[in-house]
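J.: Sequence:
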Amino acid sequence: FTYKGFSLSFFLQFVQGNEIFNQSRHAYENYGSLRSGIPYGNYSRRSLNYWREPGDITDIPRPSLASVDETTDLQWQRFSTQYLEDGSFIRLKNVRVGYRLPTEMIQKVGFTGVNVYAQGQNLYTLTRYLGFDPEITTNTASQESLNTLQGEDFGTLGQARTVTVGVTIDF
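For what it's worth, this note's numbering labels the leading residue of the sequence shown as 1, then goes sequentially.
The reader is advised that the hints may include incorrect statements.
What the hints assert, rightly or not - Derived Cβ-Cβ restraints for the label pairs, each shown as a range:
| # | residue 1 | residue 2 | range |
| --- | --- | --- | --- |
| 1 | 92 | 18 | 10 to 20 Å |
| 2 | 168 | 58 | 32 to 42 Å |
| 3 | 132 | 103 | 14 to 24 Å |
| 4 | 60 | 167 | 48 to 58 Å |
| 5 | 48 | 126 | 25 to 35 Å |
| 6 | 108 | 6 | 35 to 45 Å |
Just so you know, these hints were derived from the structure itself, not from any lab. Predicted model, so just to flag it, every value in this text is computed and none were measured. Note that the Cβ used here is the ideal one computed from N, Cα and C, for glycine as well.
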């Protein structure tokens with residue numbers, strides 16, 4: 001859009017239907033210890049709302065040490081579809097606002113055009129995904145397995161939110 005020297009452009013990104021296995025939630029909502037015996041540490045507040053008795057309404061199962069070898073495998077939660085989340089989202093991917101200075105003002109300095117602008121990327125994301133960013137679909141814990149781990153998020157950081165201010169000068 002342009003109006004009296006001002007310009008505005010934006011890009012909205014819509015994605016629907018991608019499912020993400022949120023392995024970060026599995027780690028944060030887990031109880032027990034790693035195979036090395038090191039405790040998981042702090043637990044997610046969400047994990048305290050686990051099922052206790054008939055009639056409880058929750059999406060977090062009761063912790064259980066049911067394991068093949070309880071001396072080495074002390075995770076109280078198993079991988080399950082409870083960590084599979086809808087990764088659909090709407091994102092304001094790019095916005096650019098600019099102002100083109102009047103020709104009369106800039107000709108005195110010898111320029112043919114001057115445009116001042118501000119631009120932002122990844123400014124807002126609307127999603128129900130509980131992880132950092134639904135656009136991230138790779139587990140970076142193991143770089144050699146990137147092709148086999150699509151759709152898995154294990155603490156991957158999201159897209160950077162950036163703001164740029166600039167001037168374009170035409171001679």
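J.: Decide, hint by hint, whether the structure agrees.
T.: Status of the hints after comparison with the structure:
At about 19 Å, the CB distance of residue 92 to residue 18 agrees with the hint of 10 to 20 Å. For the pair residue 168 and residue 58, the beta carbons lie near 55 Å from each other, so the given range of 32 to 42 Å is not met. At roughly 46 Å, the beta-carbon separation of residue 132 and residue 103 lies outside the given 14 to 24 Å, and the hint is violated. With their beta carbons about 53 Å apart, residue 60 and residue 167 fall inside the hinted range of 48 to 58 Å.
Range check, residue 48 to residue 126: Cβ separation about 28 Å, and the 25 to 35 Å hint holds. The given range of 35 to 45 Å is broken by residue 108 and residue 6, whose C-beta atoms sit roughly 22 Å from each other.
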